[in-house]
Amino acid sequence: MRNRCGWVNDDPLYIEYHDNEWGVPTYDDRELFEMLCLEGAQAGLSWITVLKKREHYRRVFDHFDAEKIALYDEVKREQLLSDPGIIRNKLKVNAFIVNAQNYLRIKEQQSFSDYLWQFVGGEPIVNNWKSLKQVPVTTPESDAMSKQLKKDGFKFVGSTICYAFMQATGMVDDHTVDCFKR
Numbered sequence: 001m002r003n004r005c006g007w008v009n010d011d012p013l014y015i016e017y018h019d020n021e022w023g024v025p026t027y028d029d030r031e032l033f034e035m036l037c038l039e040g041a042q043a044g045l046s047w048i049t050v051l052k053k054r055e056h057y058r059r060v061f062d063h064f065d066a067e068k069i070a071l072y073d074e075v076k077r078e079q080l081l082s083d084p085g086i087i088r089n090k091l092k093v094n095a096f097i098v099n100a101q102n103y104l105r106i107k108e109q110q111s112f113s114d115y116l117w118q119f120v121g122g123e124p125i126v127n128n129w130k131s132l133k134q135v136p137v138t139t140p141e142s143d144a145m146s147k148q149l150k151k152d153g154f155k156f157v158g159s160t161i162c163y164a165f166m167q168a169t170g171m172v173d174d175h176t177v178d179c180f181k182r
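Following my numbering, the numbering of the sequence shown begins with 1 at its first residue and continues without gaps.
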């Protein structure tokens, strides 16, 4: 039996996510945009809730094609808000649209990857936590990312969300030292 980080339960989807995605450095703009949106959707909920809905999110949000999402009108918003396959929170659905618009603005100047990875100096921060209790929920880097994203108009990007995003996309390696992924 493999030893995994303490937050992983016995759900095969969660195990697959931990073993093959969480903490793997991600540089693809679209994938980063998707994860930022999904981390925002998770606010106040458990990640497994969003993870179980992720494929449906991909379908109804045009596979996170920001150019399409940025143009969603009121009819599309109402369709989304009536869809039980996603988290039907008006603020969160609207945040996807606003964030798509801001993502496209950022991409006019630079890659979204460069924009986000600047907060960790372009390389993953590798931590050496012995237990889950040591892992912070925010850091100065997530504070800086959150502050900049908010300044640039993004929604659902508080420091805790940003830190979870940084962990998920490999900007921070928080696999505990006893985890086989270490």
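Hint data in this document are derived by calculation from the structure and do not stem from the laboratory.
Worth double-checking, as some hints may not be accurate.
Computed spacing ranges between beta-carbons, pair by pair [stated by the list, open to error]:
no., residue 1, residue 2, range
1, 104, 74, 16 to 22 Å
2, 150, 2, 36 to 42 Å
3, 54, 2, 40 to 46 Å
4, 74, 19, 37 to 43 Å
5, 111, 12, 29 to 35 Å
6, 46, 90, 29 to 35 Å
7, 108, 133, 38 to 44 Å
8, 151, 12, 35 to 41 Å
9, 60, 133, 33 to 39 Å
10, 49, 130, 25 to 31 Å
11, 3, 65, 17 to 23 Å
12, 6, 151, 18 to 24 Å
13, 150, 125, 49 to 55 Å
Glycine included, C-beta positions come from ideal geometry on N, C-alpha and C.
Do the hints match the structure? See the list:
The hint said 16 to 22 Å for the Cβ distance between residue 104 and residue 74, and at roughly 20 Å that hint holds. Between residue 150 and residue 2 the beta carbon distance is about 39 Å. The supplied range of 36 to 42 Å therefore holds. A C-beta distance of roughly 23 Å is found between residue 54 and residue 2, which places it outside the suggested range of 40 to 46 Å. Judged by the Cβ atoms, the range 37 to 43 Å given for residue 74 and residue 19 holds: they are separated by roughly 41 Å.
Range check, residue 111 to residue 12: about 34 Å between beta-carbon atoms, so the 29 to 35 Å window is met. A hinted range of 29 to 35 Å is violated for the C-beta pair residue 46 and residue 90, which are about 21 Å apart. For the pair residue 108 and residue 133, the beta carbons lie near 43 Å from each other, so the given range of 38 to 44 Å is met. Checking the proposed 35 to 41 Å range against residue 151 and residue 12 shows it holds: the Cβ atoms sit about 40 Å from each other.
Judged by the Cβ atoms, the range 33 to 39 Å given for residue 60 and residue 133 holds: they are separated by roughly 37 Å. With their beta carbons about 28 Å apart, residue 49 and residue 130 fall inside the hinted range of 25 to 31 Å. Between residue 3 and residue 65 the beta carbons are some 39 Å apart, a value that contradicts the proposed interval 17 to 23 Å. About 34 Å separates the C-beta atoms of residue 6 and residue 151, a value inconsistent with the hinted range of 18 to 24 Å.
A beta carbon spacing of about 22 Å between residue 150 and residue 125 contradicts the range 49 to 55 Å that was offered as a hint.
Violated hints for the displayed structure, listed by number in ascending order: 3, 6, 11, 12, 13.
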